[in-house]
Structures are given as C-alpha cells and as structure tokens.
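2 protein chains.
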Amino acid sequence: VANRLRKSPFPMISVAAAVDIVLKEADMLNTHVISYKDALGHVLADDVYAKDALPPFPASVKDGYAVVAADGAGNRKVLGHSTAGSKPDFGEVIPGHCIRISTGAPVPKGADAVIEVEQTELVKSADEGRTELEVKILHPPTIGQDIRPVGCDIKANNKVLSAQSWIGPSEVGLLATIGVTKVKVYKKPVVAIVSTGNELVDPGVQLKRGQIRDSNRCMIESLLEQGNFEVIDMGIIKDTPGSILEALTNAMEKADVVVTTGGVSMGEKDLLKQVLQIDLRARIHFGRVFMKPGKPTTFATVNTEIGKKLFFCLPGNPVSAMVTCNLYVVPALRKLSSRLRARNTIIKAKLGFTIDLDPRPEYHRAIVSWVEGDDLPVGETTGVQDSSRLLSTRSANGLLLLPAKTDEQASLPAGHVVDCMIIGRM
Amino acid sequence: VANRLRKSPFPMISVAAAVDIVLKEADMLNTHVISYKDALGHVLADDVYAKDALPPFPASVKDGYAVVAADGAGNRKVLGHSTAGSKPDFGEVIPGHCIRISTGAPVPKGADAVIEVEQTELVKSADEGRTELEVKILHPPTIGQDIRPVGCDIKANNKVLSAQSWIGPSEVGLLATIGVTKVKVYKKPVVAIVSTGNELVDPGVQLKRGQIRDSNRCMIESLLEQGNFEVIDMGIIKDTPGSILEALTNAMEKADVVVTTGGVSMGEKDLLKQVLQIDLRARIHFGRVFMKPGKPTTFATVNTEIGKKLFFCLPGNPVSAMVTCNLYVVPALRKLSSRLRARNTIIKAKLGFTIDLDPRPEYHRAIVSWVEGDDLPVGETTGVQDSSRLLSTRSANGLLLLPAKTDEQASLPAGHVVDCMIIGRM
Ligand SMILES: [Mg+2]
Ligand SMILES: [Mg+2]
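So the protein lines, in turn, are chains B and F.
Residues in the first sequence are numbered consecutively from 1436, following our numbering.
Residues in the second sequence are numbered consecutively from 1436, following our numbering.
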C-alpha cells in the first residue's frame, strides 16, 4: 500500500479523443436473417429491392368516377363499379360512360381520368336509389387526373432501402409493402452490467453501517433498454481481484460489451485496471479523461476466440456513471449495431442561467425546451452538479457542453449559446 | 348508392382543434403498483420520499487521507484505513495522525478533512512497503474539505420525486438509491391495431389482381412499440359492416385505444364512420381535418362498462396513416399514460429547399440535422410527398409544418425558418 502510485499512470486525454478511440474499436458485429416484424431498430446488411411495382395496377386516388377525359364535362351513363379488392362488374369504359370507383381501386380499361364524387351530381337512378344510372361531371377532366399509374410509388426492381440503413417504423412498413418478409441485418450487441464495491447492496436490502444502495446497474440497464439494447444484469461484485476476474470472465462469455461501475480511481480497492491489464491481458486504451464528471473513465478491449470484447469501466459515482454511459457506451453500441449515425447529436441551446466554469470541460445536466418566440431552445440547470448527486440527473434531457475555464473566460452568462448533447426526449 | 352523400357531412376542423379534442378526451388511466425495475417509461401516481439520508454517513469524496484540518500541512502518522463497505480498523483520528481513506468510505470520528492522495508523499513505511507509517500532507487542509456530510445529496424524509413525474433511467436509479422498490404508477394504454380493406393481404402472401400488401399495421405497431406502448395486432378486416363491427367490438374488449386504417373516405366501401355511429353509438368528435396528408382522419369515443374507449380511424394511405398516427395517436397515448408533456415537441428548422405551398397546411416529411456553423438545424425534403408514397417517410425524423398557401404567400424559399415536429431520433 505504502509504495502504491500517488499519481495515476494513465495520461489524461480529451473527451473528443476518447470518443474517437471508442468508435474506432467498436467494429460492426456479424449479420443474421430475421423477420421484417422483428427488424425495428436494426441496420440492414444488404440493399433491398422491390420485386414488383407499386401500385401493381393503375389505381384511383379518389372516391368518384372513372371516365374518358375526352368526353369533357357533362352527363355519363354509369356502367358499374370498381371498389378496392373486388372483382369489377363491368368490361371497359367507353365514351359517354363511366364507372363508379373508390380510392385505391383499379382504374378499368378505357378510362383515363378519375373525377372525385364531390365534383359530380346524380342525374338518374333506379330501384329506389339503389342503382345509379347517370351522373353529371361538373368540370372537364384532364388526362391522367387522380390516377396513380403502375409503379408511380415504387418501380419494379428498384432499390427501396440501402445497406446500412437504420430500420425505423417507416422502413418496416416499406418492407411489408414490397413483400420482403426476411431481411439480413447486423446483430445488436449484448451488454453485461456489473457493479463493483464492498459498500454496495441491492435496493431492497436493509442498510448496515457504511453501506449504500446500488443504483448504477438499474440506471444503466434502463438507459440501454431505452435504446433497445439487450442487457444482462451481472449483479454486485466485491472489491477483490478474484471476484472481479471471475465476474469479468463470466461477462465476456455472455456479452459483447461489459459495463462496470466503480473501482477505477486511485483507492486501494480500485482493482479494475489491474485485473484487466494483468489477468485479462486487456489493452487499456485510456484510463483518465479530462472531463467533469467522469475523470477516471476507463476503456479497454480484450481479443478472445469468440471476438473482440469491449470493457467500459465507468466511475462509481452515479452521476459520473450516467454521463459517461451516455458519452461513450451508447455511441459504441450504435456503432457495434452498424448505425451510421453512431455519435450523439449535438444541438445549440441558450443557457438559462449564469455559470462559473470549471477547470475541466463540464457536462452539465439540463432540462432543454423550446419556448414560444425563440428559435433556439433554452437549457435550464438541474441544480447542484455534484457527481454523487443523482438528483441532478432528474428530468435531464440534455448535457450542456461547458468549456473549461480559461484566463479569458471564467464564467458564461445566461443567454450564451452552447453545444448541447441530446440524452433524452427533447 | 345513388342517393349517398356527395359531400362529407363532417365539418373540416384545424389540426390544432383536432389535437385539443383528442387530448381533452384522453383521460388518465387507473394506477397500479409495480417494481422499480419495471417502472421505466411510466408516470408516478404518488410523491416519493427518501426514508433515510444520502450519504447515510460522512463520506470521503477522494482517495486519500482523513485528517484533522487544524494540524495544517506536514507529517501525519497513519493509524489505519477506511475503505468503502469495510469495517474500519481504528478508533478515532487524533491530532498529528490520519487514516487512509477511499472514495465513498466513511470518514472516521475526529477527522474533519480529506486530502487526496495526489497531494501527499510517503514519509515512512514498514514490512517492505506493505504498511504505511507516516505521510506528508503537502498543502494545509480546510475544514470539511472533500467530505460529503450526512444527507448532502438527499436529506432524510425529503421528497425525491413528485407525482406526475415521468420515470426515465435516472429516476429508476433514484428509486434504487433511496430503497423504494415498489411504486404506484399510472397504467399505460393498450392499443389494438386493425387494417381495413378488401384489397389488403399480409406481406407474405402472393398478390392477386387488385390486391396490395398491408403495410399500415406493422408500421403503426413499430411506431407505438418504439414509444414503449403495448400493441395488439387485430389483423386485416373486410369492408363489410358485419366484419368491421365484430373487429371493433373485439378490439374494444382487449384495448383502451383502437387504431384503424382505411375506410374513412367517401367511397361506398368506407363504412367505419357508419359502424361507429350506428352500431357502436360512438360519439364522432371529428371526421375531417384541414391538413395534408390526412384529411379524412376520424376520432371517436365510446363509453363502455369497462371505461371510455378511444377510436382513431386513420386514412388508409400509408403516409397519411404514419403522419396522423404521429400527430394524434402518440400524444393521446402519452396523455392516457398521464405524461405531463403529451404534445409533440415543435422545434425551429431552416428549409433546405424551396417549396410551393399547398392549399392545405402540409406536414412535410424531412430529414433534420444540425450542421457545423449554424445554430438552427436544416430540414431536407424526403422527396415527392404523395400520400401513397411510403418512400417519402424513409429516414424522416421530422415533419416540417408548412402553412397553407395564401394570396400573399405561395411558396417558401430555402433557408426560411419553419416549425418542425420531432417524430424520430434527432
Ligand atoms: Mg469502489
Ligand atoms: Mg378502403
């Protein structure tokens, strides 16, 4: 203990450099074929083509009458009707005649325009109004009016979705539209979550002296589940090299990514880096980042027979864990899932308060909202920003990126425009 | 057929009025008690209080030494150590002495400051470096330095979360921190989804003449699942009053909200409004909205013995269904879940293109992103905006709210700032 290092041997790197390293190390995973119904949130591995045209037949855009445009305005004899999905009860539309047609129904042979029902009047009927015999077209039609020609939405053999596209609700709908019920997508990473610390107990357990409840696992689990990633809860691990090694080895077998909290500072029970380096022969890419909160954030990789495993060893302080999980883990999981837009989105926001800057760049938890009459959103502070104070993350949907204090700039005034990272519903 | 109405009997109302009606009719559902682990995405029905203080003991903020501040800088004899979660191996810190302490560990009696290890030097050790005997404190400490007093993060009996709060990842963590493992939350609505149309078949089925594949159900299902709502797929229903009535009755029994697509225009097979009004004695709150796309959107409620049921009868065109689902259904589901912020978020964006305005207010699908050097995001069009063209929803994360054309304003230039509704990841 006495001869331990009194300064961290890990160089302090910038957040930007740390994010670059993480994204460089997060390689896309393998692909698999799944049903279009399960594809939401995945990334396509192949281009997707339409086999046939949409619409597959000339289709009416309106409820009305299919006519011969050259007839102009005036009266038409009603031959029958075409409704969507039904067998038509007529042959061909001939001059002076029309057929009643509904939205999406096939436009019959001979007809080259559709007139919406609002632009027509009934002239003659039979069977006490059950049968239309003749209607009046109020305005002269133009050729092609309110008809969707074959393939006007999607041409046959056209590329509909490109490899690397993210599959959202609309893309699921597109797959259904073109009848592609199986798609090749990239696998999504599985994440194992470990809390470390002799002082930690599960939230349901009665506290003894010196103990606190573990909030990091369920918070990180919720954060990642919100992003639709699969999470394995590995529980709480004691501060001994043996139990840490066992937990990490176990986690590596089950998951692509291991997220731990605690055990990365300079205390005598901070054993994570030692176990990673000595026992797991991990490559530690960084062990300190110039940021507040989150300075001791550690990122390592281990090459195994079943692939490269990523280790995010986050600080144990709950706020640091929350901020660094958003900053490093979430983008890495997007990259592993092959999402093109892996990085967090940065927008511009006005400070809703005056703030004294910290010597380190600060990730200030904020509630960001758009107010009437202002083009830019305003970020309001969530209060005292101690890294142990989880209350400061309450309702936060953004992190305000405050620059480090300099001789020229010691504080920022309310109204100042800063970068803001989106971390929740805007 | 001949004597049917040739104009819709439903007054055309504005989108703003329609949204107001929907939110007014969407009442909060009952409450139930669930585990904090399942609480993500729910809304709290009760205030939540901390039973005990956090930290429950004075805790060290740093890895270092607990000292008597009045001793100033200089040498201290090391009495023992305090690590987080372990029984301390010493009594009380007395002047001239210190104990080694790690982050989060209890600060022992007598000590009133913590010095981080980086600000110390080893003076004397024993047992070949295994035991620290004396260290030097480089700078004079101040009283309370790097100690979190009892309750500094959360005071005992303080309100930690308020009723009506939305439970995100941080809130789950907060519940864990204070040991509240059961919470009373509002129930979330269950949504039944029905597609109507004789022309529709499931995506895996071979198309016959006049048929198209149903994309609306899976698209809406994905959209609502993305919002973490529970969805029941009720399949495709034929255009007959009997099958529609049977499906809606069935859906009403299983769900709080029924979302249908198709069957709401002026065609002879558009039977939804008729079944709602005549058979279900529904109150139709609106049947036409002044918007593009989505004009025939219909909203109705039915009071049943098991509560009020909401019916959103969306147009069958896939783009109309997608836009109106975002516009009306999603905010209603948030309101039913008791979310305070039920309405969609509107931000400001610059048009990335020049656009001719439509006689109706248009909800233009766009890809919105922030570019370097500009405070406001830019909205790029997704291309031809036909309401049948689902391709125009591909990758869209925003709807640009374009005003209706007027005599004074027939088009908007690129760079013009417009309102933009968030509908996907920004
Ligand atoms: Mg620890
Ligand atoms: Mg229909």
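What the hints contain is simulated information worked out from the structure, not anything from laboratory work.
Possibly wrong hints are sitting among the right ones.
To be verified - Distance condition first, Cα-Cα at most 27 angstroms in a straight line; then the derived DSSO-like pairs of lysine-lysine: (1) B:Lys1522 / F:Lys1472; (2) B:Lys1689 / F:Lys1472; (3) B:Lys1544 / B:Lys1512; (4) F:Lys1673 / B:Lys1544.
Because the structure is a prediction, the values reported are computed rather than measured.
Outcome of the hint check:
1. B:Lys1522 / F:Lys1472: violated (54 angstroms)
2. B:Lys1689 / F:Lys1472: holds (22 angstroms)
3. B:Lys1544 / B:Lys1512: At roughly 16 angstroms apart (the allowed maximum being 27 angstroms), lysine 1512 (chain B) and lysine 1544 (chain B) satisfy the hint.
4. F:Lys1673 / B:Lys1544: Cα-Cα ~26 angstroms, so holds.
When each numbered hint is compared with the structure, a violation occurs for hint 1 only.
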